[in-house]
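Student: As a plain string of letters, each chain reads:
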Amino acid sequence: MPSIIVNGNVVEWEEGMTVRRVLHKMNYTFRMLVIRVNGKLVKKEDWDHTLVPPEAEVSVYHLISGG
Amino acid sequence: MNRHILYQDLFGGHDPELLAKWQKATVGIAGAGGLGSNVALALTRAGVGKLIIADFDVVATTNLNRQQYFLEQVGRLKVEALKETLGRSNPFVEVITCPERITPFNLAQFYGSADILIEAFDLAEEKQMLIETWQALYPDRYIIAASGLAGVGKNELIHTERFGRLFIIGDGVSELTEGISPISARVAVVANMQANLCLELLARLEVL
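First to last, the sequence lines map onto chains Z and A.
Here the first sequence stands for residues 1 to 67, numbered as in the numbering used here.
Here the second sequence stands for residues 1 to 208, numbered as in the numbering used here.
Because the hints were derived from the structure by calculation, they are not lab data.
Each residue gets a CB set at the ideal place from its N, CA and C atoms; glycine is no exception.
Hints are supplied without guarantee of correctness; some may be wrong.
[Claimed, not checked] What follows is a list of derived Cβ distance ranges for each label pair: (1) H49(Z) / A203(A): 16 to 26 Å; (2) D46(Z) / A108(A): 44 to 54 Å; (3) R20(Z) / P104(A): 41 to 51 Å; (4) M26(Z) / A108(A): 32 to 42 Å; (5) P53(Z) / T61(A): 25 to 35 Å; (6) L123(A) / E57(Z): 44 to 54 Å; (7) K25(Z) / P104(A): 45 to 55 Å; (8) E57(Z) / E156(A): 41 to 51 Å; (9) Y28(Z) / H4(A): 37 to 47 Å; (10) R162(A) / E45(Z): 35 to 45 Å.
[What the hints assert, rightly or not] Just a few of them, taken from the derived set where beta-carbon distance is under 8 Å, the chain Z residues facing chain A: (11) R21; (12) L23; (13) K25; (14) T29; (15) G39; (16) H62; (17) I64; (18) S65; (19) G66; (20) G67.
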């Protein structure tokens with residue numbers, strides 16, 4: 001069964017899995033995120049149509065206000 | 001004071017190789033609040049040659065508990081007040097001030113010549129806009145952002161995350177409480193880690 005790694009967690013891969021689907025599956029509900037799939041930044045407007053390939057490494061980072 | 005002697009006094013104690021790289025460098029600082037004002041001061045004292053600082057805000061008394069401004073500067077544009085303070089610690093620094101809000105449409109105009117950009121905004125939405133715009137325009141240039149700096153203590157949680165050319169410094173978890181501002185020490189720790197990383201990256205850049 002193919003899988004992906006999301007912030008160090010092994011997650012089952014799904015056919016046609018988008019970045020949005022990964023966020024939903026992980027219950028990541030923060031509004032502000034920096035996301036990289038295999039090292040490449042995925043912009044917010046691309047979350048719905050960017051496919052996450054099997055064995056991908058996904059990094060999700062939550063940006064917090066303050067400065 | 002003789003400028004040549006002053007220059008020697010300020011920078012004679014630096015590694016000449018590092019100093020040469022820092023002096024040739026242009027660093028963009030987006031925001032001149034708790035993060036930006038501290039980053040600017042650290043880079044100025046280290047001898048970075050040119051800073052481009054953007055912030056549309058004016059100094060308020062509520063800023064003085066954590067930002068590098070002083071009572072007599074209240075009401076002035078932050079970028080102008082900061083430029084004056086920077087010049088008082090190192091008169092050799094060149095400071096370009098942009099008293100405007102940074103948007104995806106004017107970022108290149110202000111920061112196009114910056115070797116490295118420091119994200120020093122307050123709001124998460126603005127941080128994200130800056131990071132995405134910079135990375136789309138200049139995929140091979142570094143950007144150093146901050147996230148998670150509210151509160152006091154918890155030194156051990158503050159760290160650097162790297163995503164390619166993007167670095168994010170902070171604890172990644174401490175949210176601001178409504179009506180409570182960041183605290184001087186912790187925001188300055190994060191700001192100085194941003195400045196420290198910036199100096200390290202500049203020292204490594206081959207061609208500036």
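Student: Look at each hint and say if it fits the structure.
Tutor: Hints, one by one, checked against the model:
1. H49(Z) / A203(A): 16 to 26 Å: Given about 40 Å between the Cβ atoms, the range is violated.
2. D46(Z) / A108(A): 44 to 54 Å: The hint (44 to 54 Å, Cβ to Cβ) is violated, given that D46(Z) and A108(A) are roughly 21 Å apart.
3. R20(Z) / P104(A): 41 to 51 Å: Since the Cβ atoms of R20(Z) and P104(A) sit about 22 Å apart, the hinted range of 41 to 51 Å is violated.
4. M26(Z) / A108(A): 32 to 42 Å: Given a distance of about 34 Å, which is inside 32 to 42 Å, the answer is holds.
5. P53(Z) / T61(A): 25 to 35 Å: Violated, at about 54 Å.
6. L123(A) / E57(Z): 44 to 54 Å: Since the Cβ atoms of L123(A) and E57(Z) sit about 29 Å apart, the hinted range of 44 to 54 Å is violated.
7. K25(Z) / P104(A): 45 to 55 Å: violated (30 Å)
8. E57(Z) / E156(A): 41 to 51 Å: The hint (41 to 51 Å, Cβ to Cβ) is violated, given that E57(Z) and E156(A) are roughly 26 Å apart.
9. Y28(Z) / H4(A): 37 to 47 Å: Violated - the Cβ-Cβ distance for Y28(Z) and H4(A), about 57 Å, lies outside 37 to 47 Å.
10. R162(A) / E45(Z): 35 to 45 Å: Check failed, 24 Å falls outside 35 to 45 Å.
11. R21: Status violated, d = 21 Å.
12. L23: At 15 Å from the nearest chain A Cβ, L23(Z) fails the 8 Å test, so the hint is violated.
13. K25: violated (21 Å)
14. T29: violated (14 Å)
15. G39: The hint holds - G39(Z) has a Cβ within 8 Å of chain A, the shortest such distance being about 6 Å.
16. H62: holds (7 Å)
17. I64: holds (5 Å)
18. S65: Constraint on S65(Z) satisfied, holds at 5 Å.
19. G66: holds (5 Å)
20. G67: Status holds, d = 4 Å.
Violation of the numbered hints given earlier is confined to hints 1, 2, 3, 5, 6, 7, 8, 9, 10, 11, 12, 13 and 14; the remaining hints are satisfied by the structure.
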